Structure formats: structure tokens, C-alpha cells
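Below are the chains, spelled out letter by letter.
Number of protein chains: 2
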Amino acid sequence: MRLKDIGEFGLIQRFQKKISLNSSVVKGSGDDCAVLKFNKGSYQLFTCDMIMEGVDFFKTADFRLVGRKALAISISDIAACGGIPKHAVVALGLPRNTRVGQIDRLAKGLFDLARKFNINIVGGDISTSSKLILDVSMLGVVEKNKLCLRQGARAGDMIMVTGEFGGAIKGKHLKFTPRLKEARFLVNNFKINAMIDVSDGLGQDLGHILKQSSVGAVLYESLIPLSKQALDTEEALGSGEEFELLFTASRGQASKIIKSVKYRFKVIGEIMPESFGLRLINYKNKYSKLKFRGFKHF
Amino acid sequence: MRLKDIGEFGLIQRFQKKISLNSSVVKGSGDDCAVLKFNKGSYQLFTCDMIMEGVDFFKTADFRLVGRKALAISISDIAACGGIPKHAVVALGLPRNTRVGQIDRLAKGLFDLARKFNINIVGGDISTSSKLILDVSMLGVVEKNKLCLRQGARAGDMIMVTGEFGGAIKGKHLKFTPRLKEARFLVNNFKINAMIDVSDGLGQDLGHILKQSSVGAVLYESLIPLSKQALDTEEALGSGEEFELLFTASRGQASKIIKSVKYRFKVIGEIMPESFGLRLINYKNKYSKLKFRGFKHF
Numbered sequence: 261m262r263l264k265d266i267g268e269f270g271l272i273q274r275f276q277k278k279i280s281l282n283s284s285v286v287k288g289s290g291d292d293c294a295v296l297k298f299n300k301g302s303y304q305l306f307t308c309d310m311i312m313e314g315v316d317f318f319k320t321a322d323f324r325l326v327g328r329k330a331l332a333i334s335i336s337d338i339a340a341c342g343g344i345p346k347h348a349v350v351a352l353g354l355p356r357n358t359r360v361g362q363i364d365r366l367a368k369g370l371f372d373l374a375r376k377f378n379i380n381i382v383g384g385d386i387s388t389s390s391k392l393i394l395d396v397s398m399l400g401v402v403e404k405n406k407l408c409l410r411q412g413a414r415a416g417d418m419i420m421v422t423g424e425f426g427g428a429i430k431g432k433h434l435k436f437t438p439r440l441k442e443a444r445f446l447v448n449n450f451k452i453n454a455m456i457d458v459s460d461g462l463g464q465d466l467g468h469i470l471k472q473s474s475v476g477a478v479l480y481e482s483l484i485p486l487s488k489q490a491l492d493t494e495e496a497l498g499s500g501e502e503f504e505l506l507f508t509a510s511r512g513q514a515s516k517i518i519k520s521v522k523y524r525f526k527v528i529g530e531i532m533p534e535s536f537g538l539r540l541i542n543y544k545n546k547y548s549k550l551k552f553r554g555f556k557h558f
Numbered sequence: 261m262r263l264k265d266i267g268e269f270g271l272i273q274r275f276q277k278k279i280s281l282n283s284s285v286v287k288g289s290g291d292d293c294a295v296l297k298f299n300k301g302s303y304q305l306f307t308c309d310m311i312m313e314g315v316d317f318f319k320t321a322d323f324r325l326v327g328r329k330a331l332a333i334s335i336s337d338i339a340a341c342g343g344i345p346k347h348a349v350v351a352l353g354l355p356r357n358t359r360v361g362q363i364d365r366l367a368k369g370l371f372d373l374a375r376k377f378n379i380n381i382v383g384g385d386i387s388t389s390s391k392l393i394l395d396v397s398m399l400g401v402v403e404k405n406k407l408c409l410r411q412g413a414r415a416g417d418m419i420m421v422t423g424e425f426g427g428a429i430k431g432k433h434l435k436f437t438p439r440l441k442e443a444r445f446l447v448n449n450f451k452i453n454a455m456i457d458v459s460d461g462l463g464q465d466l467g468h469i470l471k472q473s474s475v476g477a478v479l480y481e482s483l484i485p486l487s488k489q490a491l492d493t494e495e496a497l498g499s500g501e502e503f504e505l506l507f508t509a510s511r512g513q514a515s516k517i518i519k520s521v522k523y524r525f526k527v528i529g530e531i532m533p534e535s536f537g538l539r540l541i542n543y544k545n546k547y548s549k550l551k552f553r554g555f556k557h558f
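As they're listed, the protein sequences go chains A and B.
Read in the numbering used here, the first sequence has 409 at position 149, and its numbers run on one by one without any break.
Read in the numbering used here, the second sequence has 462 at position 202, and its numbers run on one by one without any break.
Accuracy of the hints is not assured; some may be wrong.
Stated by the list, open to error - Below are the DSSO-like pairs computed for lysine-lysine, each with C-alpha atoms no more than 30 Å apart in a straight line:
| hint | chain 1 | residue 1 | chain 2 | residue 2 |
| --- | --- | --- | --- | --- |
| 1 | A | K441 | B | K264 |
| 2 | B | K406 | A | K297 |
| 3 | B | K406 | A | K368 |
| 4 | B | K435 | A | K278 |
| 5 | B | K435 | A | K319 |
| 6 | A | K391 | B | K406 |
| 7 | B | K277 | A | K391 |
| 8 | A | K391 | A | K368 |
| 9 | A | K376 | B | K277 |
What the hints assert, rightly or not - Far from chain B, by Cβ distances over 10 Å, these chain A residues were calculated:
| hint | residue |
| --- | --- |
| 10 | S280 |
| 11 | S387 |
| 12 | E403 |
| 13 | K441 |
| 14 | G467 |
| 15 | L491 |
| 16 | D492 |
| 17 | G512 |
| 18 | M532 |
| 19 | P533 |
| 20 | F536 |
| 21 | G537 |
| 22 | Y547 |
These are calculated hints, taken from the structure and not from any lab test.
Keep in mind the model is a prediction, meaning the values are calculated, not measured.
No residue lacks a Cβ here, since even glycine has one placed at the ideal position from N, Cα and C.
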């Protein structure tokens, strides 16, 4: 049996079965960040993301954007949990014949973004590699009452998003600004029941919320905000690395969130009981059997 | 200019110049772990290590030992700072056609060692990759008065080690047990002035202590404990991935450490003023000009 036979999520489940955790872990593997006991009022968040030439970017990509992306992904994970990023370590795999000028650009992208978000780059590891690899591990902090997980969505919640979806591969995946300000605005002013960042695809990531919250959902095709790069709704629902926030809140909270003028948030559907499953209502007001495809590594 | 022209340490210096840190960081890049403010009595330790097929192990290696090694390296870093490992996240790059049985062995090596050292594996990231890659990031904790860094060695200190050196590549590099018990025994009972784990090679890693402590040193060839796998003193001094502890303590502390029967520690030399440089006294009681070679990635 090969990896491709059990798939990415089959593999993750295989790992998760072996894990034993002690009481200092509030939430282990399976969310945007691990949640660790920290101090009286706060939890610590811990996440890692690896990106690789040929998978997450092309060899011809601007190294400044590659360095930037490596850090931005982890910031997005911390934001999705409602927290504030603090420290990061960076492991680099570098081909031996890499030009120093390229490394300088990579470092510039990484350190400029770190400075912008007040993140300390406190260490790292460097290795030779046949392809360029970056793995960022990040620590953050979140007030206990502001922690957002994938679990917690309730039937009747509005499903909301930041930004627009579709065609991230055409450029956004390298240039996005993590939605940290928006996430902090949400957790500072409203009660968010569940939140995730859209890395696998809107449909698939909504699926993570539904599964972990044991609920269903209905999405309205007419409400999905499409970017200029989007092909159509199906593509937008499956498009990975959009790095927008996807979250749920009660109807009352949602109406207040929509009225807030500081940032734009949009309702795209509603959380339903688990037995409802996940359905899309299309432009003709009919249930669509549209498949929610998303990115899988295997 | 290519990477190989500036070398691994040139590259690290290039990165370190760009770093700005705020006051929550006690010690950033440049030691075995980053040291972060944590609570009244303790610091948090944060480290990452990436290992890669073809560089740190061969394709034919037992995957159980590979998984084990990935975690053991970071435990060794936490130990070298005098701390206790707590939590880890694991980023995995896996070739698409990897056999599931191999992954299970990798997971077994990793999780068995995590259990042995009471470490919570709290998350990770999985990606496709042309070669097998593991990057472990680890958090630990250390009482403020027990923190050991590379800086802190003083002229007159004895230079001490655990274990034996040489030929780690023949097997020890995949099978070593991180010297956590020994490190905790040292910091719990004695005043250790500087400590590092030997990953680049005894000579080169001693060089890190000397540079960061602004001191020199004399080593006695007759005192270097050679393993059965060692070729000779020169090889033992240059052998990477030995993962023994190298530390310094005052003469008074050192004599007490040697008398302790619980673990074996050996004196191999003495810290000298910086102007003395680094010299080896050979079997004929003469200064040797032996070069301290060690592992460099570029």
C-alpha cells in the first residue's frame, strides 16, 4: 500500500491515532494551531507550515515572495485561531548552487513581513537540499475567551468570509496579506463560534468546520464573492491558498458584524443540523450536487 | 556569488544582521535554542531542526530510526540549554510513492521517543516532496537559574563532555539517546557556565563556545574519549552528529561533577584567555597545529 492509496487525510488520521497528550495541551493536532496552556488569561498557539519548490511555488518565482509566503501562511493560522503571532523559527533547505542574491531576496521578503507583524525570528536551521524548502514554525498568544477553533459552529449560525475567492494560484497565493487585523477585530468585538483560514479550498475547509462541529450547512451560490481571477463558483469553492477567513457567528452577532464599517465581511450561508449535510443552492434557487473539491497532497 | 562561496556560517551571519527582536526575546538565533520570556521562574525554549534524505540519512535507512532521529536532535538542543522538552510539531515532506508501512515505522520511531521523553506531538504539516524531509520544532522550559548558553565560559573553567567521540556516521547518529538526563543532573546539582551539544563536531562546537564567550582553550589529546568507531583524534574532533554534551564549569564544580557517580563526565581541557586561541596538546606533550574540521552544509 502506497501513500497515494490512503491519501493526505487518511495519513493524518493514521498519525493522530498514535498521539497521546498530557493536560498541558488544550487542543492538539487537527486545527489551524495547537493550543497550549500558557498563563492565567491566555493560551499559547503553536503551528508549522512547510512550503516547497514545485508544490507551493515554481522555481521561477520571485524569492522575495517565497520568503514572504512562508511566514504569511503561519500568520494566517494564528489569525484563524483569533490570536496574535509572536515568534517564529525558520528551517531552510537550499540547493547548493543558489545565488546569494536570491537568498537575500528571500530573507528580505521574510524579514519585512516579520517586521510588519511584529514577529521575532528567533532561530532556524539551514540544510542543503535538491529543491528550495521553507518550514516556518510560529508561536502566538490568544486570550482564553477569544480562542477560535474549527469546532463550535452551531445550527442557525451565519457562515461568513473575508475577501473574494477563486484563482489564487494566479498570484494571490504568493501575495496575500494574512487577515490578522480582521481576525483580531472580530474576536475583540464579537462572539465568533468557529473559524478557519481557507488553505485547502472554501468547500473543503468548510467541511473541516462541519465535521469538527458535528453540523451541516447550506451555501448560496449567489452569495459567494468571486474574485476577478475566479473561473466560476465551482473553481472558487475548490481554490486552495486563498487565505481568507471563514467563520460562523450567531444571526444576531452576524448582523452586527455586517454593519461594522471597518472591514468587509460577507454572509455566504448558514449552519444547519448535521443530518442536513452540505448543500449549495444555485442561481436557479435549486439544490446543486456540486462537488466541493479542494487541494490534497496525495 | 553562490551559496557555496559564502558558506553556511556566512549565510547565517547574513540572516542575523537583518533580525530585529523585541524585549520578549532573551536570546535569539545563535544558540542551541531561542530563549523566550515565559513566567516568573522560567524561560521557554524554542528550536527547530530539519533532516533530509541524502544529507542526514540514506534512502535505505530504517524509517523508524529516521523518525526517532528527527525528534532526538531537538531534544538534544533543549538538553544543551539545560531545559525540559515539552511540545513538538512535525513537518513532513513525503515522496508520493512512499509505502504506508514505511510511514508507520517512521511514526513509530517518532512517537515512541516522544512518549519516552513525555513530549506532546501537538501538530504538523504534510507535503509531497521528491525526497523524505522531516522538520521538528520543539518547545521546552528551563528554570531561569538553570539556563545554559554557549556564552558564559570563563578562563580557568574545565572543559567537560559526556560519552565518547568519533565515527558517529557509522550508526550513532541514528541511534543516540539525547543526553537529557545528564543535562538535567548537571543543571540541578552544579553551576554550568556554558553548554552545547556536539552536532557539527567537537572542535567546531567548542569553537562556538569560545567565540560566544570570548575565550580560548587548550585540549589534551590524551583526554579526548574515543569511541570504538573513531579513526583517530582528528576524526573524533571533527565528527558531527555525536550529540554528546560539551560544557564548562569552574575547577571546583568540575571536581565535584567528576566525583558524582550517577553519570560519567570527563574533563578534556581547560578554558584559557581569548588571546591563547584554541590549541591541542598531543600525546608527545607538544602543541599541535591540528585543524578542527567539522560539518558544514555549504
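* Violated hints - listed by number, lowest first -> Structure breaks hints 1, 3, 5, 6, 10, 11.
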